[in-house]
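Student: Here are the chains, one letter per residue:
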Amino acid sequence: MAERRLSDKVRVRVLRQDAFDRKDTRRWEEFEVARGERATVLSALRAIQRAPRTVDGRAVAPVAWETPCLEHACGVCTMLVNGVVGQACTSLLDVVAPKGRVSLAPLGKFPLVRDLWVDRQRMTDDLKRVRAFVGYDGSTDALGESPAAQAERLLLASCTSCGACLEACPQYHHDGAYVGAAAINQARLVGLHEGGALDRGARLDALMGDGGIASCGKAQNCVEVCPQGIPLTESLGSVARDTSKRFLFGWLLGARR
Amino acid sequence: MARTRARRVVVVGGGVAGLAAALELCRAGVPVDVLCATSLRRSHVEGSPAGLNAALGDGDSPRDHAADALRVGQYLASQARVLALALAAPELVHVVERLGVPLQGRADGSLLLRRLPGSTRPRTAFAGAATGLELVHALDAELARHELAPATDARGAKLPGEPLARRFEHWDLCELVLDGDGACVGCVAQDLRTMDVRAFRAEAVVLAESGPSLARTSSSGVPSAEHALAVALRAGAVAQNLELQAFHPTGLGGPDRQHVLSELAFAEGARLWVPLDRKERRAPEDVPEREREHLGSPGELGMAATARALVRAFAEGRGIFDPEREVLEPLAWLDLEVHKRDAAELELRLGASFETYRALGPRPRTRAGHETLPYRGALKVGVAPGRSLGGLWVDFAARADATADLDSPRNHATTLAGLYAAGPVACSPHGAGALPGDELVGDLFGGRLAARAAAAYRAGSERSASDQPSSTFEAPESAVRAAVEKLREREGDGEDSPYAIADELAQAMGASCGPLRDDAALDALLATQAALAARLEATPCPDRATRANQAVPFMRHLAGALDVARLAVAGARARAESRGVHYKPAAPTRDDAGWLRATLLRLGASGPELVGAFASPFAERVTDAVDTALFAPEPGPAAEPAVRVEAHDEAPRPAKKKKRAGKPADEEPSDG
Ligand SMILES: Cc1cc2nc3c(=O)[nH]c(=O)nc-3n(C[C@H](O)[C@H](O)[C@H](O)COP(=O)(O)OP(=O)(O)OC[C@H]3O[C@@H](n4cnc5c(N)ncnc54)[C@H](O)[C@@H]3O)c2cc1C
Ligand code: SF4
Ligand code: FES
Chain A
1 MAERRLSDKV RVRVLRQDAF DRKDTRRWEE FEVARGERAT VLSALRAIQR APRTVDGRAV
61 APVAWETPCL EHACGVCTML VNGVVGQACT SLLDVVAPKG RVSLAPLGKF PLVRDLWVDR
121 QRMTDDLKRV RAFVGYDGST DALGESPAAQ AERLLLASCT SCGACLEACP QYHHDGAYVG
181 AAAINQARLV GLHEGGALDR GARLDALMGD GGIASCGKAQ NCVEVCPQGI PLTESLGSVA
241 RDTSKRFLFG WLLGARR
Chain B
1 MARTRARRVV VVGGGVAGLA AALELCRAGV PVDVLCATSL RRSHVEGSPA GLNAALGDGD
61 SPRDHAADAL RVGQYLASQA RVLALALAAP ELVHVVERLG VPLQGRADGS LLLRRLPGST
121 RPRTAFAGAA TGLELVHALD AELARHELAP ATDARGAKLP GEPLARRFEH WDLCELVLDG
181 DGACVGCVAQ DLRTMDVRAF RAEAVVLAES GPSLARTSSS GVPSAEHALA VALRAGAVAQ
241 NLELQAFHPT GLGGPDRQHV LSELAFAEGA RLWVPLDRKE RRAPEDVPER EREHLGSPGE
301 LGMAATARAL VRAFAEGRGI FDPEREVLEP LAWLDLEVHK RDAAELELRL GASFETYRAL
361 GPRPRTRAGH ETLPYRGALK VGVAPGRSLG GLWVDFAARA DATADLDSPR NHATTLAGLY
421 AAGPVACSPH GAGALPGDEL VGDLFGGRLA ARAAAAYRAG SERSASDQPS STFEAPESAV
481 RAAVEKLRER EGDGEDSPYA IADELAQAMG ASCGPLRDDA ALDALLATQA ALAARLEATP
541 CPDRATRANQ AVPFMRHLAG ALDVARLAVA GARARAESRG VHYKPAAPTR DDAGWLRATL
601 LRLGASGPEL VGAFASPFAE RVTDAVDTAL FAPEPGPAAE PAVRVEAHDE APRPAKKKKR
661 AGKPADEEPS DG
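So the sequence lines, in the order shown, correspond to chains A and B. The numbering of the first sequence is the working numbering, which starts it at 1 and goes up by one. The numbering of the second sequence is the working numbering, which starts it at 1 and goes up by one.
Derived from the structure by calculation, the hints contain no laboratory data. Each residue gets a CB set at the ideal place from its N, CA and C atoms; glycine is no exception. One or more hints might be untrue.
Think about it this way: if two alpha-carbon atoms lie no more than 20 Å apart in a straight line, the pair counts; the simulated DMTMM-like pairs of lysine to aspartate or glutamate are [claimed, not checked]:
#, chain 1, residue 1, chain 2, residue 2
1, A, Lys218, A, Asp242
2, A, Lys128, B, Glu162
3, B, Lys584, B, Asp519
4, A, Lys109, A, Asp21
5, A, Lys128, B, Glu147
6, A, Lys9, A, Glu37
7, B, Lys380, A, Glu37
8, B, Lys380, B, Glu285
9, B, Lys279, B, Glu316
Facing chain A, a subset of chain B residues (Cβ under 7 Å, in silico) [said to hold, decoys possible]:
#, residue
10, Glu91
11, His94
12, Glu97
13, Gly100
14, Gly105
15, Glu142
16, Arg145
17, Tyr499
18, Asp543
19, Gln550
Just need the whole structure built from these sequences, with the hints factored in.
Tutor: Here's what the structure looks like:
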């Protein structure tokens, strides 16, 4: 394939807002950056930070965003790149701005902190809500897990809490009850561990409660966007089966009494 | 001020070291506040792929593990401390499994072990491609459990409304609070979103906010970890071996940081070479064997020695010729000799470690390119900075027979009473080079040890932070608040920006305080740093926002980074030998007679000061001596021929590069 000649400059449109309670300051600002070799959206944001001047020559405040790891490990630089969830540090300008234009906006399902920086506190709270922890008992003995069980958990364990699955989910809203695919997947993961299995009942109860598994609308968007390739729909299905078993079982127990 | 009636310990930092410390405190029933400049799941440790070393394999022993670690660290580490880690490691690995990390195992229930460079046996347990990430997530989940549990007072009564653990995400440490006697009774921190400033009362403070990144300061937006170190240094703490840093012979470059390929490639037998012809235009696979100069493999030499071999080769003017730009670059070929292997098999074993390279590497330009194997021929690699090996001096309680007293309040105590440090913010227990796979387990062990010591200090101390008048906390709190406002409103002249200063610092550090060192260049660097510090004082704040202002903490961190960098350069200037990866052509060999000792440094009123001996809370006189009682140091490599440091442009210049490690293969290890 012949390589198309790419523009030397890239125009970056950024959706900005000064603080969560300053909707009045919501605006698009446009910047121009050089298309460096292998430059990413992150490189563009850093260039803007060094010289925050819009294309019409106005000096503005640097754009706020979070980028702790700079390399696809932490998930926190996830934002909307041309309206699609993507990670700033691995979105190459050559790919997302071949024609020299790219737009950046914050994830919409989370409370805004400023500009492209959003607050994912809710994700941590929801992990607590569904009791996604194994409950370490102080033992120092080998676990002796089978390779198959280990492989199953490894696949589910790579979630970075980036929030892409929640952004894509039609059922998830930051002021709604639904915890979303990420927390449900983590709950499933923990339940597969010997230690986590002990707390299974309480965890399933939490997952059966308000905002739990029943809120999943089976749109399957989550699995499409997960940058870690986690089989989220499988996790949702598995938890749904477990909770309905518990529901039936609990009901039978209740009926007998 | 943050309200509490529980006598809390504050842990600063939510990486492996900090979370390990917090969990250990919770286990002992000590209420804890965890402060963390990012959210908890975003620590650096997430990128660390290698795994966890422990003598779990057949025929292995903690003594062998310690011997390997000391050899790789070139005997600069405390031997009692290294042995204590090796003894604790097997149990720690099982704790990690029990916490939920899916470490890979065999059908018989035993763990799979990898053999990483420097180890004489397979010794590294691992969770697929991202042990660090899995580990920090498991620790974080466990902390969440303790956030749901109530704190109790000394008599065991529940304190309503006070959870055992509290987390303060996006809170940045600004200052330590000291009482009249100079003991640490808390700290002041700032919420990076609301910009609120608050003091935290603490019976003890455990610093675990990662270590100095020296040449990595330009990674903007990243909370600069040397800040905690600078805060402690300004309060009078002593630092050790700040001039020592790991460098990887596997730097891949990258648009925003220097990515590093994992050590795992060497477990697959990769070799490093440069073409003999300095104008070689052929592709690497077309250069015949006899026209290559091999630079060794870490499998045989260890990572530091291999990185040093690269540094020397580049200094002597060898490298890879770039025919497009007609320049010789300080790079070598990392050759997996793919043509001799089954590509699919190799992909299975190593594919994951190439993820970043595939996404961001130099060759694939088009979308289609991303799907091809990036290592068809060979990868271009350079020398890239890794983790710092120096940090705050910390104590260690060794008994007369050189075994460790793990319950002593002395362990990981800094020179300030009540202040503890773990993880890379503390001087590493690894000496002049870490054995790959020792870092994570070392951070876990260090965090636990520091927490146990802090708990013992809290239990044994006659004073309590809760007896302190509130004025002890209000004064530093208002001082920080005032400093923040002053910084935010600072108008300066000209167009200077803190980001430009940070870039220049990183560039200068990379050029002159990398693995290749020269005293004249280091002196010049000290002058450059003083000039940059003066510029920073006069730089306008690029952002006036009163909330979520990222420029204010950035400038604060940069000032701290400058302080730490000055100490590192002073240490590099002092150390008149070549040890680990560090290479001074003027003193080209390891000098055990003169330099098998620590460099101790303090931040004096007029800059860095070398310290010969000092007093700590638990010892009247601490010196720079290194213990060698348990293992006799093996001699260093025979004298290396001196190389000429040529002043050509392509001298090793890890300037803009930053460290990174790739993600290793899912599957592995031969037992051999
Ligand atoms: C991509 C990558 C690859 C790596 N590869 C390797 C490797 O192969 N081998 C190796 O040994 N090491 C590697 N490292 C380094 C290793 O991960 C770190 O040395 C290790 O994680 C340090 O652990 P820690 O717990 O001290 O700090 P971290 O995991 O870095 O956590 C530090 C914590 O402190 C917090 N913090 C920082 N500053 C402040 C402040 N001012 N106030 C409050 N909180 C603060 C942060 O938010 C964070 O939670 C790698 C690092 C990265 C990023
Ligand atoms: S499940 Fe995937 S998409 Fe959802 S938060 Fe985790 S990594 Fe992101
Ligand atoms: S900055 Fe961590 S994933 Fe992009």
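Student: If a hint holds in the structure, say so; if it does not, say that too.
Tutor: Hint check:
1. Distance hint between lysine 218/A and aspartate 242/A is fulfilled; the C-alpha atoms sit about 16 Å from each other, no more than 20 Å.
2. Pair hint lysine 128/A plus glutamate 162/B holds up; C-alpha atoms about 17 Å apart against a cutoff of 20 Å.
3. A C-alpha spacing of about 8 Å is found between lysine 584/B and aspartate 519/B, which places the hinted pair at or below 20 Å, so the restraint holds.
4. Straight-line distance between C-alpha atoms of lysine 109/A and aspartate 21/A comes to about 15 Å, which keeps the hinted pair within the 20 Å bound.
5. Between the alpha carbons of lysine 128/A and glutamate 147/B the distance comes to roughly 9 Å, so the proposed pair stays at or under 20 Å and holds.
6. Among the hinted pairs, lysine 9/A with glutamate 37/A is consistent with the structure: their alpha-carbon atoms are about 12 Å apart, no more than 20 Å.
7. Of the supplied pair hints, the one linking lysine 380/B and glutamate 37/A holds, its CA atoms being roughly 16 Å apart against a limit of 20 Å.
8. As the CA atoms of lysine 380/B and glutamate 285/B are separated by approximately 13 Å, the hinted pair is consistent with the 20 Å bound.
9. Restraint check: the Cα-Cα separation between lysine 279/B and glutamate 316/B comes to about 15 Å, which is no more than 20 Å; the hinted pair holds.
10. Restraint check, glutamate 91/B versus chain A: the minimum CB separation of about 4 Å is within 7 Å; hint holds.
11. Proximity of histidine 94/B to chain A holds as hinted, the smallest CB-CB distance being about 5 Å (cut-off 7 Å).
12. Interface restraint check: glutamate 97/B against chain A, minimum CB-CB distance 4 Å, threshold 7 Å, status holds.
13. Because the smallest distance between the Cβ of glycine 100/B and any Cβ of chain A comes to about 4 Å, under 7 Å, the interface hint for this residue holds.
14. Hint status for glycine 105/B relative to chain A: holds, with the closest Cβ pair at about 6 Å, below 7 Å.
15. A distance limit of 7 Å between C-beta atoms decides the matter here; for glutamate 142/B the minimum to chain A is near 6 Å, and the interface restraint holds.
16. Interface hint status for arginine 145/B: upheld, as the beta-carbon distance to the closest one in chain A is roughly 4 Å, under 7 Å.
17. For tyrosine 499/B, the interface hint holds, since its Cβ comes within 7 Å of a Cβ in chain A; the closest pair sits about 5 Å apart.
18. At its closest, the beta carbon of aspartate 543/B sits 5 Å from a beta carbon of chain A; the interface hint therefore holds under the 7 Å criterion.
19. Residue-level restraint check for glutamine 550/B holds (minimum Cβ-Cβ distance to chain A is 5 Å; threshold 7 Å).
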